[in-house]
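Protein chains in written order, with the numbering used here: chain A, 1 to 490; chain B, 1 to 270; chain C, 1 to 305.
Rather than coming from a laboratory, the hints here were simulated on the basis of the structure.
All the pointers check out, no bait thrown in.
Simulated restraints, written as ranges between beta carbons of each label pair:
id, chain 1, residue 1, chain 2, residue 2, range
1, C, F162, B, A261, 53 to 61 Å
2, B, P167, A, K12, 45 to 53 Å
3, C, F162, A, R119, 56 to 64 Å
A virtual CB, placed ideally from N, CA and C, is assigned to each residue, including glycine.
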Amino acid sequence: MTGGGAETINFKSALREAAIAGGLALLLTLPLIGLKTIETSHGLVIQPHFADVAVTVLLVFMGRLGLVLAATGLGWPVLAIAGAVTAAGWLVPFPTDALRWLDIAGGGVVAIFASLALRSSRVGFDQAERDRRMDRIGARLQDASRLIGPAAVLFALALPMLPFANRGVVDLGCVLLSYIMLGWGLNIVVGLAGLLDLGYVAFYAVGAYSYALLAQTFGFGFWLCLPLAGVFASLYGLMLGFPVLRLRGDYFAIVTLAFAEIVRMVLLNWTSLTNGPVGIAAIPRPSFFGIADFTNSPAEGRLAFHQMFGLDYAPIHRIIFLYYVILALALVVNFFTLRIRRLPLGRAWEALREDDIACTALGINSTNIKLAAFAIAGMFGGFAGAFFASRQGFISPESFTFIESAIILAIVVLGGMGSQVGVVIAALLVVGLPEAFRDLAQYRMLAFGAGMVLIMLWRPRGLLAHRDPTILLHVRKSARQQQAESEARG
Amino acid sequence: MTGDPTRPLLMVEHLTQRFGGLVAVSDVSFSARDREITAIIGPNGAGKTTVFNCLTGFYPPTSGRLTVSHCGRSWLLERMEAHRIAGAARVARTFQNVRLFGGMSVLENLIVAQHNKLMKASFFTLAGLFGLPSFRRAEVEAVDKARYWLNRVGLVGVADWQAGNLPYGAQRRLEIARAMCTEPRLLCLDEPAAGLNPRESADLSELLRFIRDQHQIGVLLIEHDMSVVMQISDHVVVLDYGRKISEGPPEQVRLDPAVIAAYLGEEGDG
Amino acid sequence: MEYFLQQLINGLTLGAIYGLIAIGYTMVYGIIGMINFAHGEIYMIGAFVSVISFLVLGAAGITWVPLAVAVVLVVSMLFTAVYGWTIERIAYRPLRGSTRLAPLISAIGMSIFLQNYVQLVQGARVKALPPVISDVIVIMVREDGFKVSISYLQILIILLTFALMVGFTQIILRTSLGRAQRACEQDMKMASLLGVDVDKTISQTFVMGAALAGVAGVMVTMYYGVIDFYIGFLAGIKAFTAAVLGGIGSLPGAMLGGLTIGMIEAFWSAYFSVEYKDVAAFAILVLVLIFRPTGLLGRPEIEKV
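Isolated chain A (complex conformation) (with noise of 0.2 Å):
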């Protein structure tokens, strides 16, 4: 395990190694990426494309031939040739672009993997070793997050008036503080109350719908359909949560899955109320609170915004006005959960988390306190989805398929459950980075649903678990120095 270059090094073993793994690729491979079926007039043919599977087949052999390498010593030459591999994916023609990134990613993860080799004179670290150094990390940041949390909420506020803000830039911020209340809002419910809940966008959807058809059936503005959708959502996670909260961990996820599916199936075949697949257009927008309009010519008798600012009309005054709104609801979200914690009702939610049998021993009625954290987390998700179809003005059930709730609950787990500071880094990773990428947009569900993996086997409990108490008889220590002690102790 010492490594450094004395041992010998098995070759014999190392290539065998990587001879399974090619040849494991070369069966993965070779039917689907090597023989491509393309629809021609007269039916399906067959496209040959075995220069692709021959390239992945190399890459895999030589990613897995230098991992095994690294570790037995051969650092420096490994993380040279990984480095030429990676430097190779931009010079060298590539069959496809997949490709070029397999063997750009691929040479990367190499050549960290033998640098760091060469550092600790090992590969890697055992999941135990990992998880501390991630704890540490994971303490540090919660004790900074009491500097970071209000600087980023200040940044949040500054946003649309910084110089690079244009229309796209808070267009994303929206997408963004989207993803990040309804994380906060799934947060209640998985993080929390430990409940999988595999169908949160049901909850979106219901909100969308509720504030699209009120507005446009009675004429109701946004502000009074916003509290309705959040009580429809509500009523929704009760509906559900009667039947259901008695199952236990993977059936309870199914069910709520299975639940979702069923919202979204009547959402498309109930055509006579929700319009079916096509979905429901021309929303209105939302008002200045009902005072003001954002257009530039307003109804008869109604005031414009710009008008009542004295201002130029610009049509980003009402993204910027959006932005703000779906700002105020993220945050009461945050500040809810972050004050809920500190209440008998949040407490009872961590402890039937960690344990509902002793709950119930406990004198706890734990069916109530489930049903809760579904009402209020629901609640939150209708108020995400009334926002969602004002800002869009459009809605089908398109919006609210399974994946988007595998995105949410995608940012609550990889960023650490029960995490605040958490679900806004896994938001940014989760949403920010594909959006950033817009031109690999093929790749990104394929990189969305690797990265998923990835992180849970590199961490399991998610990057920044990390739980301070919410009640102290001593005097406070930084959450560091918690980490520091308790691993003294273990």
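Assemble chains B and C onto chain A, guided by the hints.
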């Protein structure tokens, strides 16, 4: 303060529990009194924990009647949901393999135990959200109670640790403290001395006596450790193969031939 | 009556396909207690491999149907088995003994990855294949000319499913592999102490489940003639419903559950509405879990306190 002296705190009458074809507990009757420590003993698989699980509402008993009486009222446990047994009938319990809220701090464990009281004080969260003084007072009281019990079980110094990081003996004591924070009238302990060293066992006996004498409640315990049982119990019930084979004061039970046969028989088999 | 009979035949066929996928869920859940969320994608990959193999065989001039079908079955089972093994090795094994959520999240990630991988390399458009077996037997004719028929393909699907069912039950009951599986199901730690290679057993379980999903993929390709990269999700949830309905961990239960779901879907679309047929399947899942969480053939379990 105490109930009707003629009615015991807990009365178990003809309790039977079947799982499919297996009869785990068969027609067991006994009672436990206020301000007494009642021990249920018996070889492995005698049905002791099953009796506990029936008592605390985790298994609905196949037949039989379980009555808890105090403060001039009675509760029929077999008809109540588990959380009401703890909340209304004031029966608290611990578990054979400690069930703490491992990720939460020691103090939080004790605060969660006072959930129902605090929930009312926070006016079902609303008063709490706005930080009204009535709720803050209730929370201070809850912390005081927790501190009292932490003092009792010697865990004040580690109050802010994660409960899961405590050594095993401390976890057992914390679980008892947590049960006591629910202000029970009957405390049910499932093998509290299991895995403790002799010193910790002695401390435990001390603690249980203190609970009985100072807090004037009934204690029902399942125990393997005969030294603990003989030292502190006022009344002993012996189960074997789901049946009650003996009952009485410890000295008497110790000499009962049926009990000796059951224990020797077990050792002979093992 | 005639109409009913026809729906029965259609339902049985559909149910057989669901049942085959459900076996994979039930075996994996039985042994490691996790929902293999990516199992539906394995079935989808099986369907793609079968389309590709049919085309390759056609190009190679092998047109004798029994041979072609046999080759395609074997090829699909082989490749899906490799996928099953790899997925377990990469995404689940390192997380064994971790938190309960981690493997599920990893499985969801794997499912998303595989879906998009196939979409990327094979294109997002629907793949249509001309029918391989198209002969039908007319069983009876109603006065108004409505024919009750069963196709050779349907017979093949039902018989093959039945044969695989019997074969797998024998494996579980009689071979050392089956014994090892049952031992791991009971108590993994104890099994490993007694010399059962737990890792290997779990791998084999994944391989077996994946191979069966591959067969289901071949069947669905031949039965419907159109597939796309997205078919795994819905079929996966329905098959999981079937596994739960039958009683998770029980092989005959999975088959029974599959048949029930197939039947419900066929009759629901025939007599009520096609649009809500999926809703019906999900509603069944919810109802079963609420009223009989152990399923039709599952053993009741007592929660240990």
